[in-house]
Amino acid sequence: MSDVILDIQGLTKIYSGGLKALDDVDLQIRRGEIFALLGPNGAGKTTLIGAVCGLVRPSSGTIHAFGHDMLRDWRKVRGRVGLVPQELSTDMFEPVARAVAFSRGLFGRPSDPARIEEVLRSLSLWEKRDEQIRNLSGGMKRRVLIAKALAHDPDLLFLDEPTAGVDVELRRDMWRQIDILRSQGVTVILTTHYIEEAEEMADRVGIIRGGKLLMVDDKQAMMARLGRTEAHITLRNPPAVLPPEIARYPVRLDGDDLCYRGGDGSGLGKSEVADLTKALIAAGVDYTAIEIRESSLEDIFVDLLEKQA
Amino acid sequence: MSGFNYRGAWAIYVRELMRAMRTAFQSILAPVLTTSLYFIVFGSAIGGRMDAVDGVAYGAFIVPGLLLLTLLSESTSNASFGIYMPRFTGTIYELLSAPVGTAETLAGFVGAAATKSLVLAAIILFTATFFVDYRIEYPVLAALYIMLVASAFSLFGFILGIWADNFEKLGIVPMLILMPLTFLGGTFYSIDMLPDPWRDIALVNPIVYLVSGLRWTFYGSSDVNIWVSFGLTLAFMLACVTAIAIIFRTGWRLRT
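Protein chains in written order, with the numbering used here: chain A, 1 to 309; chain B, 310 to 565.
Accuracy of the hints is not assured; some may be wrong.
SDA-like, lysine to any residue: derived pairs with alpha carbons at most 20 Å apart [claimed, not checked]:
{"#": "1", "chain 1": "A", "residue 1": "K76", "chain 2": "B", "residue 2": "Y315"}
{"#": "2", "chain 1": "A", "residue 1": "K141", "chain 2": "B", "residue 2": "F397"}
{"#": "3", "chain 1": "A", "residue 1": "K212", "chain 2": "A", "residue 2": "N41"}
{"#": "4", "chain 1": "A", "residue 1": "K76", "chain 2": "B", "residue 2": "F557"}
{"#": "5", "chain 1": "A", "residue 1": "K219", "chain 2": "A", "residue 2": "M201"}
{"#": "6", "chain 1": "A", "residue 1": "K76", "chain 2": "B", "residue 2": "A412"}
{"#": "7", "chain 1": "A", "residue 1": "K20", "chain 2": "B", "residue 2": "R564"}
{"#": "8", "chain 1": "A", "residue 1": "K76", "chain 2": "B", "residue 2": "W319"}
{"#": "9", "chain 1": "A", "residue 1": "K76", "chain 2": "B", "residue 2": "L405"}
{"#": "10", "chain 1": "A", "residue 1": "K76", "chain 2": "B", "residue 2": "F313"}
{"#": "11", "chain 1": "A", "residue 1": "K20", "chain 2": "B", "residue 2": "T565"}
{"#": "12", "chain 1": "A", "residue 1": "K141", "chain 2": "B", "residue 2": "T398"}
{"#": "13", "chain 1": "A", "residue 1": "K20", "chain 2": "B", "residue 2": "T398"}
{"#": "14", "chain 1": "A", "residue 1": "K278", "chain 2": "A", "residue 2": "R248"}
{"#": "15", "chain 1": "A", "residue 1": "K141", "chain 2": "B", "residue 2": "I401"}
{"#": "16", "chain 1": "A", "residue 1": "K141", "chain 2": "B", "residue 2": "R564"}
{"#": "17", "chain 1": "A", "residue 1": "K76", "chain 2": "B", "residue 2": "R316"}
{"#": "18", "chain 1": "A", "residue 1": "K141", "chain 2": "B", "residue 2": "G399"}
{"#": "19", "chain 1": "A", "residue 1": "K212", "chain 2": "A", "residue 2": "G42"}
{"#": "20", "chain 1": "A", "residue 1": "K270", "chain 2": "A", "residue 2": "S295"}
{"#": "21", "chain 1": "A", "residue 1": "K141", "chain 2": "B", "residue 2": "T565"}
{"#": "22", "chain 1": "B", "residue 1": "K478", "chain 2": "B", "residue 2": "G399"}
{"#": "23", "chain 1": "A", "residue 1": "K76", "chain 2": "B", "residue 2": "V513"}
{"#": "24", "chain 1": "A", "residue 1": "K76", "chain 2": "B", "residue 2": "F397"}
{"#": "25", "chain 1": "A", "residue 1": "K219", "chain 2": "A", "residue 2": "K141"}
{"#": "26", "chain 1": "A", "residue 1": "K76", "chain 2": "B", "residue 2": "G312"}
{"#": "27", "chain 1": "A", "residue 1": "K212", "chain 2": "A", "residue 2": "H193"}
{"#": "28", "chain 1": "A", "residue 1": "K219", "chain 2": "A", "residue 2": "E294"}
{"#": "29", "chain 1": "A", "residue 1": "K76", "chain 2": "B", "residue 2": "T411"}
{"#": "30", "chain 1": "B", "residue 1": "K478", "chain 2": "B", "residue 2": "G410"}
For the record, the hints were derived by calculation from the structure and aren't laboratory data.
On a predicted model such as this, the values are computed, not experimentally measured, just so you know.
Chain B with its partners taken away, still in its complex shape:
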């Protein structure tokens, strides 16, 4: 064997998906339930009393942001947990001694994490139809963008899973960094609604560009240029791939 070990990548991919099925409640039902509660509280209950934002009903306006909130946290958590557990239990020996390299490992772990996120996104979008009326102006672009974000943050989660040496660290970034940034990144509001200087400060938050990009694919309007959003997401993904390639080449936290 000298080329890409597609059977190895497939074996990892399938096993990761099976693991998700084994913990279906935690992997799928819990985030769907949480997002549904957001839709009920902010979309239906409070949203009914809010003005439209950029011509979009408030309940519908928050759909892309809430979708992104779930995508970011689930992609990151799934991928980080996926690689952290073999390190924690010691089964990583098998991966490291097998003829699988960076490409196969990423295709398996990150592919599975991204797949789970995409399935989750589809379920959430379907669930949202029960609570709010929303439309997707550019469905193909929306699907591409969702895939891009899911892949980028699954890669990020993978790095996190290699960096973390305990369960606490595994939870720190999604809970203490990603979630606050997402809430402050325009999930529930347009940053145009912010007074100066908060609007300019908000633009430092990278999540603003993600939310804005996804919202553009839904409603055709956004806080920042759509191509800036796409470009930044792509750049983030490439940065993660580069970091992972370096990790595998140096064996950081993987090989002694």
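Same shape as in the complex, but just chain A:
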């Protein structure tokens, strides 16, 4: 358990209106990992982050970070946690560099212009350091938020929808930034709507819905366990009834489209499709085209949510 940097046990949050935003959530985050929290709108992602960062008062449950109890040793914990919020909330009239230096001071760190410069340069903000934040584009404002969160060198960084509403180029840029943070040993927890983002970066993935954490697993293990292969084989002359040697595969015939859906995330599906095509030829069923694809994290996510609905 020594590599667990954040330990959440039985975390429940019921808002004053009665909405249960978090329902008995248990979650452990390991030091140095990138953890992606996936879930639809209103799933409880932001509430979970808010509870750890001190913005939300949990109704019950415990949060330990760096071995400290969040309620009792909140100063020790908060000084090592950074947060990039979902909303572009900044003091619009502040110049960039001063806003970032303010964040460093707020978190109790001594003034360090060299470090501020380093952070600003790493986010391509150095040229804009004297610019008022209101004059920046949306993407640049989001970079400022990241710079503010990094100014005090946090060990644990929360990124709440970091690439929401930013263009593809900036999104890729952010991914590079997160990679750099990973190499520096920073633990990152990000929430996102973009499955490709989680697929690209995360070591582990958690899926949350209706305040309940449905699943937490290594990304690769999750894809191996829940991944599927889907193949569409266009038949030249589809038979009225599938021969038994074909029907034993997980297939469905729809017109001339023979759809295979099966296997797992470890390649079983591909080998089964190969066997299936051989069986088709052996049975005298010719085909004209094959389209094959592996399920993505998004398919897993959607499937899982549909099953839970």
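Add chain B to chain A, keeping to what the hints say.
For chain B alone, coordinates are given in the frame of chain A:
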């Protein structure tokens, strides 16, 4: 970090002062101009035709009251605006997620608001010398009392800024409660000049004790006992500190 986060408090304090500098006209010039107009109209123009009050020329008599009028409204407005704006823009997330507690937050926000008020008070007192002749009998006590009032009403403003959920509410208390109470609290007259039963009714107004206390430090005479004024101001300040401590402990209007 486990103790008082003095760097965090300093960061808030400096940022709040910078914000005031950014809006120097609104923060400093406007109240100085307004107070100067009071001095011109009531001190010089009308005051010249008025009798002395308690042996003090009318123009000089109103100096402490006008100073207090500015102190109360500016301390309250500065502090309320200071904490309300982060709530309004959403930047409060940073404050709430930082290792700063009640003490650091108050030292930063209330300290900055009180500092601005004190600077303003010094400018107003300096400006007043151009219009009226006044003296300060107990300058040390006057400075202490001004600091006490500025701090107390900055704390009060801080509470107001947390309570308010729109700009209208932010302006209601200073405009509709504080200002009328200050005008009726002996800013322009001694309550001894009031006939019964208005004199007794006036004593219900807490601002009377503030004006009276400050006036005593200027001229050595007051409508009510000076220690009652000091005691009430101190009690008000402690009540505000207690209220803020409760707000932070419960997260009222700050944390969901």
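Next on the checklist: Let me make sure I understand: some of the numbered hints might not hold for this structure. Which ones are they, in numerical order?
Outcome noted: Hints 13, 16, 21, 23, 24, 25 and 30 contradicted; others consistent.
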